[in-house]
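Which chain is which? The protein sequence lines are W and V, in order.
Each residue of the first sequence is one higher than the one before, starting from 48 at the first, in the working numbering.
Each residue of the second sequence is one higher than the one before, starting from 2 at the first, in the working numbering.
Bear in mind the hints are in silico, worked out from the structure with no lab data behind them.
Fair warning: there could be bad hints in the mix.
What the hints assert, rightly or not - Label pairs and their computed distance ranges (CB to CB): (1) V:E179 x W:N52: 58 to 66 Å; (2) W:G262 x V:D11: 25 to 33 Å; (3) V:D70 x W:V414: 32 to 40 Å; (4) W:N52 x V:I295: 26 to 34 Å; (5) W:E311 x V:Q80: 40 to 48 Å.
To be verified - Per the computed footprint, the stretches of chain V lying under chain W, defined by three or more beta-carbons under 8 Å from a beta-carbon of chain W, are: (6) 47–59; (7) 67–79; (8) 93–107.
A quick note: this is a predicted structure, and the numbers were derived from the prediction, not measured.
Virtual Cβ for every residue (Gly too), placed ideally from N, Cα, C.
One-letter residues, chain by chain:
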Amino acid sequence: MTRLNLKRTVAMARKEFIQIRRDPRSLLIAVLLPLIQILMLGYGARLDANHIPVYVLDQDGSQDSQNLLKAFQASPYFDVVKVVGSYKDLTAAIDADRCKLGLVIPWNFSQNLHNAAPTAVQALLDGTDNNSAQLAVGYAQAVITTYSTNITMNWMAQYGLAQLASNPLSLDYRTWFNEELESKNFIIPGTVALVMALMGALLSSLTIAREWERGTMEQLIATPVTALEIMIGKLAPYLAIGLADAALCATFAVAWFRVPFRGEIGTFFFITTLFLIVILGIGYMISVATRNQLGAGQYALLVTLLPTSMLSGFAFPIDQMPRPIRAITYLIYSRYYVSALKRIFLAGNGLRGLSTEIIALSVYAIVVGYFATSAFRKTLQ
Amino acid sequence: MRNDVSIIVDGLVKRFGRFTAVDHVNFQIHRGEIFGLLGPNGSGKSTTIRMLCGLLTPTEGSARVVGYDVATQPEEVRQHIGYMSQKFSLYNDLQVIENLHFFAGLYGVKGALSRERVAWALRMAGLSGGEHRLTGELSGGWKQRLALGCAVLHRPQVLFLDEPTAGVDPISRRDFWELIHEMAADGVTVLVTTHYMDEAEYCNRLALIEAGRIVASGTPSQIKQSAIRGDLLLVECTPLGRGLEVLRQAPGVHDAAVFGAALHLVVDAAAQSLKELPGYLTSHDVKIDRIQPISPSLEDAFVELTAKGRPNPT
């Protein structure tokens, strides 16, 4: 079963390619789906909170409270949408999802500040999205701290302690790889993995099942073509399509979403090929086992797209997962691809800097390849 | 093994669970012979042919096709055979020419020979000029000839045809059989299954198969002679049902069966029955319209053989 005749394999691949070209469904999955996916994920899957809408109840109405609001307005993270007149209006705005943050400046705000008495500003948060709420608290804290520090400094200057009016300790930080700390740079490279998993698994899971469903399998296996030639001939076009889609996604990521690409194109395609071999092999085995297109497509999504979106670290950082789940991620092949993609795009790692990922994916490719080649038998039983 | 024997089937058995689809089948087919497996749907014809193509593994027994064992050397077998499965199974979403090129590629037909064979297949199928039509748009007769073309691109020594003319119009069927005879004349061994009795007459030799067992084999005329011991009469009478009942009891009548709007009787001696039966029928209130001797068809033989077989299956 290990004979490989080039002519037969090429005949198989050419036929498969013609069929993809004539099948609207395959064409849609191969061309349109990746585009839709990268656009949706590029725009939709952002973890940053910019322009958080803020409603304010200013009970004080002083110059000081105005200054604080200006500080909020000046921050790129907040938009002060409206100043309301009562506490009831503020809570109503949060209930109606008109704002994520409600700020209450107490009536004695200015007075306390001038008497050097401690004072506090109340923040009401919409916690339905805990991630955004936490970010909002953090940003609000930063605005308040800066404002507060400025006041302290002014006092010190007034009392002739100008020489002390500087921060004794400050953190001077520089972020590497994702300088702007933008979540799009973190997420978009990983979407390539999602596109590959979805497209590759869906298409390859149809290959064998389609022959059974359309009744063409019997004629096919009555010819001298071997199981290995069928597999390679059928999957080769999908590998080519997958690599083209990967190039398309990378181009979109860089040209449209302005994600940096610091690594080498060769490294990117090499590791993408490894990942595609795993995905296509899995899809193919499912196709052999189920023999029907609908079922095969569903199983394929279950074992490829689901782990790739949840457990690969594509959007949900693996470091923050509970320990047992973290242990499971080591078994998820997509984890290594996503990690490699992020390092290629952002850190510019070459092949040497990705040895763990390459070894892990190679092991998967070999294991899946081995089982896939022996999965299909040329028999009607 | 004799040089001119292409297919040897020896005690072939196929069981699916408790169901025995093929039950100790034996036959030999010579080079250039057209051998028919004749029997109703579900009698084990397709299962037999699939075992001979290496698509199903025999449960018991053995079969050799052009010298290769179908169970242990299926790939060698496939190099030398052409197979047309029961259901049309070319790619409907491929053009005619694309199907031909695909199968030429799978059979490893190379370069100039491939072009020549593809052109031949197009002419044979009557599709020259229609190369770029989508296969799914062809009518039954064209599809069938294209499928035959795809199955013989590599000039196989043996051709397996499983119900090749099912769903094809009568004229196309006749043309198809002419092609088969031409190929056999070129030395191709043909094993064909059918349940059309008239088609079975085109075969050099036949095996009648019922419930997985061969109930008779030989040339069409041998089968007819061995099956019908006596003479065959055609009787038209009214009412037909009452006539059947009465005639089954009549002296000198072995068997009576309905064939279309008439009855076929197997009698000891045609001359005597022609004299006696009109009076016998009239006395039993059956009006006789026509009675005449006929030569037996394969259908008569099949009815006779399977009717005998049924009460005593071993």
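Here's how the hints hold up against the structure:
| no. | hint | verdict |
| --- | --- | --- |
| 1 | V:E179 x W:N52: 58 to 66 Å | 35 Å, violated |
| 2 | W:G262 x V:D11: 25 to 33 Å | 31 Å, holds |
| 3 | V:D70 x W:V414: 32 to 40 Å | 34 Å, holds |
| 4 | W:N52 x V:I295: 26 to 34 Å | 56 Å, violated |
| 5 | W:E311 x V:Q80: 40 to 48 Å | 46 Å, holds |
| 6 | 47–59 | holds (count 6) |
| 7 | 67–79 | holds (count 3) |
| 8 | 93–107 | holds (count 10) |
Of the numbered hints given earlier, the model fails hints 1, 4; all others are met.
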